[in-house]
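One line per chain: the protein sequences are A and B, in this order.
My numbering puts the first residue of the first sequence at 544, with every later residue one more than the last.
My numbering puts the first residue of the second sequence at 681, with every later residue one more than the last.
The set of hints was computed from the structure by calculation and includes no laboratory data.
Each residue gets a CB set at the ideal place from its N, CA and C atoms; glycine is no exception.
Be a bit skeptical, because a hint or two may be false.
What the hints assert, rightly or not - So, partial list: chain A residues that the calculated Cβ filter (under 7 Å) puts toward chain B:
#1 A585
#2 F589
#3 W690
To be verified - Residues from chain A that keep clear of chain B, each with C-beta distances beyond 10 Å, as calculated:
#4 R572
#5 V660
#6 G663
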Amino acid sequence: MSVLETAIVYGLVGIVVALALSLSGGRRRLVPAVAAGMYHAALWPFFAPFLLGRAIDGEARTGPVRGELSGPVEAAEARLRKTLTRVGGVAEEVLGPQLETVTSLCGSLRRMERRRVEMGELLESPEFDGKEVVRALEALEGRGEDWRVESLEARLRHIERLKRMHEKTTRNVEETLLKLDEMTAQIALLQFADPGQGEVAFHLEEIALTIEGLSESLLGVHEP
Amino acid sequence: MTIAMTDNDFADREPTEVQLEFGEFFHAMLRDAEGVDDMVCDGERGLSALHHLLILGILGLALHGLALGVVIHLATPALPLSFATQGMPLLWVPLALVGGFLSSIAICLPSFYFYTQLSGLDASFRLVTAQSLRVQARTSVLLLGILPFYLAWALSSFLGISQIDQVVALGFIIPFLMGFAGLYSVYQSFRRLAKKLPITHTRRGQFVLRLVLCWGAVTATVAPVAVFRLAQTFSGVL
Chain A
544 MSVLETAIVY
554 GLVGIVVALA
564 LSLSGGRRRL
574 VPAVAAGMYH
584 AALWPFFAPF
594 LLGRAIDGEA
604 RTGPVRGELS
614 GPVEAAEARL
624 RKTLTRVGGV
634 AEEVLGPQLE
644 TVTSLCGSLR
654 RMERRRVEMG
664 ELLESPEFDG
674 KEVVRALEAL
684 EGRGEDWRVE
694 SLEARLRHIE
704 RLKRMHEKTT
714 RNVEETLLKL
724 DEMTAQIALL
734 QFADPGQGEV
744 AFHLEEIALT
754 IEGLSESLLG
764 VHEP
Chain B
681 MTIAMTDNDF
691 ADREPTEVQL
701 EFGEFFHAML
711 RDAEGVDDMV
721 CDGERGLSAL
731 HHLLILGILG
741 LALHGLALGV
751 VIHLATPALP
761 LSFATQGMPL
771 LWVPLALVGG
781 FLSSIAICLP
791 SFYFYTQLSG
801 LDASFRLVTA
811 QSLRVQARTS
821 VLLLGILPFY
831 LAWALSSFLG
841 ISQIDQVVAL
851 GFIIPFLMGF
861 AGLYSVYQSF
871 RRLAKKLPIT
881 HTRRGQFVLR
891 LVLCWGAVTA
901 TVAPVAVFRL
911 AQTFSGVL
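Using the sequences provided together with the hints, build the complete structure.
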């Protein structure tokens, strides 16, 4: 096969990959879409795995895959995305930029949930068994400044701290999930809103406020 | 001994969870930061990381190639390869370097995936792709770092202090030498990821090192040939 024939085959595969990526990536303006298409077509061997991976992640996955969790966060995100696909027109144009924020928020939420699960697992481990530590302390009671007592008390403090963090993270995850569902319901309402009565603007304002609330909630977790 | 810990200590431990801008990503690659691991592993941020890795990889090689092309263009050294002084080196050297290295990675991707699976790490093809580009991105960052020194050395050859033939020859070799730093970066990354990724079958010790050496060996075989062939072709056309 000559260089020209190889280039033709490479280019054809590249066009297919670029088109598939363009279809899966959502709407874009013409010039950025063409530029991205040429970039993807030229370097398709590096993008093809992401294309295949996305299909598997989106459709065929039924359980946790490669360290990722499948739980309430994924379900809430799936509901939100499904609702967003149903809404078109002005609302979609206005919500477009917000969607990236939502995607980022969902990513953070998933990591928060993962951390919550890890904390829970740690609390169930023998090293973090508070009752065991209390029993050991009781056994050493009356020994005053014994270094073992100090060590056990420090361990107990760490366990208590981890418990508080676990509770706080659980509460934050639940609150954020509820807000996410609230936003999904608001977006769903947009389908039936009367554009002439300012209802769309009202709902969009509500959604923007919800997104702000979500951001603040997550920032509150990361920067307590 | 009691270690004072606050809730913030745990919160701070979590790597950055927002998408990194290109500048931040460049700094992360410069520091060989662990945060890049999280980006390449994350399904949503993975594509963004891939874009950054690709652009960084292309940028470093292209600038190095441009500098080398300028040196060849101005000095016309007497190299053993006849095509090296043909055409417009300003154009074909960057193209040959970028095309040669990226095409060799693309050709070797399936091998990288097999080696990774054989090592016992259940890494996805996406992760393998991103990690292979990480080698190139890290190499490119270092190439950008030594570019001023290389140019200074090249300028010294115009003053007769050093041999221009050596300057040009080393200019072609430097990206391969810097590749070792890229491999080290990916070795460190895989060592960290080995604690997180599923292990399909347990291997003997140092399996990550053997995996990365296999990656390096197959790339070291393909990349020089790809660069040579592309340089030969482009110098005749451009």
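Cross-check of the supplied hints:
With 7 Å as the threshold, the beta carbon of A585(A) stays out of range of chain B, its nearest partner Cβ sitting at about 10 Å, so the hint is violated. Annotation: interface hint on F589(A) holds; nearest CB of chain B at approximately 6 Å, less than 7 Å. Checking W690(A) against chain B: minimum C-beta separation of about 10 Å lies over 7 Å; hint violated. With a closest Cβ-Cβ approach of about 18 Å to chain B, R572(A) is found to remain outside the 10 Å limit, as its non-interface label requires.
Annotated as non-interface, V660(A) keeps its C-beta farther than 10 Å from every C-beta of chain B; the closest such distance is 14 Å. Its beta-carbon lying about 14 Å from the closest one in chain B, G663(A) satisfies the requirement of being farther than 10 Å from that chain.
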